[in-house]
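**Q** Sequence:
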Amino acid sequence: MLGGTIALLGGTIALLVGTIALLVETIALLVGTIALLVETIALLVGTIALLVGTIALLGETIALLVGTIALHL
Numbered sequence: 329m330l331g332g333t334i335a336l337l338g339g340t341i342a343l344l345v346g347t348i349a350l351l352v353e354t355i356a357l358l359v360g361t362i363a364l365l366v367e368t369i370a371l372l373v374g375t376i377a378l379l380v381g382t383i384a385l386l387g388e389t390i391a392l393l394v395g396t397i398a399l400h401l
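First residue of the sequence shown? That's 329 in my numbering, and the numbers climb one at a time after it.
It should be emphasised that the hints constitute simulated quantities derived from the structure, not laboratory data. Treat the hints loosely; a few may be bogus.
[To be verified] Restraint-style ranges between C-beta atoms, simulated for each label pair:
{"#": "1", "residue 1": "I362", "residue 2": "A335", "range": "30 to 36 Å"}
{"#": "2", "residue 1": "T396", "residue 2": "I362", "range": "27 to 33 Å"}
{"#": "3", "residue 1": "A377", "residue 2": "A356", "range": "54 to 60 Å"}
{"#": "4", "residue 1": "A363", "residue 2": "G338", "range": "51 to 57 Å"}
{"#": "5", "residue 1": "A370", "residue 2": "L337", "range": "48 to 54 Å"}
{"#": "6", "residue 1": "G338", "residue 2": "I362", "range": "42 to 48 Å"}
{"#": "7", "residue 1": "T368", "residue 2": "G331", "range": "51 to 57 Å"}
{"#": "8", "residue 1": "E388", "residue 2": "T354", "range": "49 to 55 Å"}
{"#": "9", "residue 1": "L385", "residue 2": "L357", "range": "37 to 43 Å"}
{"#": "10", "residue 1": "V345", "residue 2": "T368", "range": "33 to 39 Å"}
{"#": "11", "residue 1": "L358", "residue 2": "T382", "range": "35 to 41 Å"}
{"#": "12", "residue 1": "T347", "residue 2": "T382", "range": "40 to 46 Å"}
{"#": "13", "residue 1": "I369", "residue 2": "L401", "range": "47 to 53 Å"}
Computed from a predicted structure; not experimentally measured. Glycine included, each C-beta is placed from N, C-alpha and C at the ideal position.
From just these sequences and the hints, can you work out the full model?
**A** Now the structure itself:
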């Protein structure tokens with residue numbers, strides 16, 4: 329009977345350790361997911377900034393073209 333009680337206690341401790349390990353792994357996954365979300369948002373912001381810069385460059389190119397045409401008239 330004592331052996332069974334010790335085995336049950338050992339199994340309970342093993343289950344507790346496994347549960348704690350699963351909790352730590354879940355927290356790590358949550359942190360990784362949040363980091364991925366932040367990185368995705370940063371990539372989106374960078375892409376928008378690149379698009380705005382490209383549009384500004386296009387505007388500057390058009391202005392240069394108009395200025396060149398006006399200079400030759």
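**Q** When the hints from earlier in the document are held up against this structure, which numbers fail?
**A** When the structure is compared with the hints, numbers 1, 2, 3, 4, 6, 12 turn out to be violated.
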